[in-house]
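Protein sequence lines, in the order shown, are assigned to chains A and B.
Here my numbering is used: the first residue of the first sequence is 704, the next is one more, and so on.
Here my numbering is used: the first residue of the second sequence is 223, the next is one more, and so on.
Worth flagging that the hints you see were computed from the coordinates, not collected in a lab.
Hints may be right or wrong, so weigh each one.
To be verified - Each computed BS3-like pair below joins lysine-lysine, with the alpha-carbon atoms no more than 27 Å apart:
| no. | chain 1 | residue 1 | chain 2 | residue 2 |
| --- | --- | --- | --- | --- |
| 1 | B | K246 | B | K290 |
| 2 | B | K300 | B | K246 |
| 3 | A | K805 | B | K246 |
| 4 | A | K805 | A | K784 |
| 5 | B | K300 | B | K290 |
| 6 | A | K805 | B | K300 |
Given the structure is predicted, the values throughout are model-derived calculations rather than measurements.
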Amino acid sequence: GQSLEQPSEVTAVEGAIVQINCTYQTSGFYGLSWYQQHDGGAPTFLSYNALDGLEETGRFSSFLSRSDSYGYLLLQELQMKDSASYFCAVLMNRDDKIIFGKGTRLHILP
Amino acid sequence: DAGVIQSPRHEVTEMGQEVTLRCKPISGHDYLFWYRQTMMRGLELLIYFNNNVPIDDSGMPEDRFSAKMPNASFSTLKIQPSEPRDSAVYFCASSTGTGHPGELFFGEGSRLTVL
Chain A
704 GQSLEQPSEV
714 TAVEGAIVQI
724 NCTYQTSGFY
734 GLSWYQQHDG
744 GAPTFLSYNA
754 LDGLEETGRF
764 SSFLSRSDSY
774 GYLLLQELQM
784 KDSASYFCAV
794 LMNRDDKIIF
804 GKGTRLHILP
Chain B
223 DAGVIQSPRH
233 EVTEMGQEVT
243 LRCKPISGHD
253 YLFWYRQTMM
263 RGLELLIYFN
273 NNVPIDDSGM
283 PEDRFSAKMP
293 NASFSTLKIQ
303 PSEPRDSAVY
313 FCASSTGTGH
323 PGELFFGEGS
333 RLTVL
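Chain A with its partners taken away, still in its complex shape (with noise of 0.2 Å):
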């Protein structure tokens, strides 16, 4: 079967940073993203890392180790704002498939 474990909550303090870990286990892999999803709303494409390394996209930064099947995304500068839940999601295939972890609740206090 498939696999992808990350904490179920974080919590963390506005203007800090926080990392939130993703490692999987998939029959195929292309690459990882992750998403934002504010509660009561839709899942919301942040990143999507198909090579070894660290991708920036703002306050956001996301990392894969594809030898370690492991990841993570970074949020700096915490904001109230962030606070949401964030999905870790493996593209299995050519065709688009995706399949996502539970979902990390991020708390953040003032």
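Keeping the supplied structure of chain A fixed, place chain B upon it in accordance with the hints.
Only chain B this time, still in chain A's reference frame:
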């Protein structure tokens, strides 16, 4: 440009009734996905289509679930008969398939409650 459009946004029905959820993908997107989200199971991929053809329906829970995509701008997910355990948020998503790997565009979801 309009995003992925789903209807209804909310549906409350009784056990045994037929439920039909509808989705209009973003124009020009070749792939359409149906996901189900619950607290216990997270976001589960039910089925996805490429150019209106079902590619993988291995996530469809049982024969009570069926999905169709009669044309590039419309898809339905049907549950017949519905059961309380089908209560969930059902998301439709679409993607271009090329150029933007790993990026899905989600609709706002259809929240289904089966009593």
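Worksheet item: Are K300 of chain B and K246 of chain B close enough, with their CA atoms no more than 27 Å apart?
Response: holds, 15 Å
Worksheet item: Does K300 of chain B lie within 27 Å of K805 of chain A when you go C-alpha to C-alpha?
Response: Holds, at about 25 Å.
Worksheet item: Has the given pair, K805 of chain A with K784 of chain A, been kept, meaning a C-alpha gap of at most 27 Å?
Response: holds, 21 Å
Worksheet entry | 27 Å Cα cutoff - pair K300 of chain B, K290 of chain B | holds, 9 Å
Practice prompt. Mind checking the alpha carbons of K805 of chain A and K246 of chain B for me, to see if they're no more than 27 Å apart?
Written response: Cα-Cα ~26 Å, so holds.
Discussion item. Hinted pair, alpha-carbon criterion (27 Å max): K246 of chain B, K290 of chain B. Please report holds or violated.
Written reply: holds, 12 Å
Violated hints: none; the structure is consistent with every hint.
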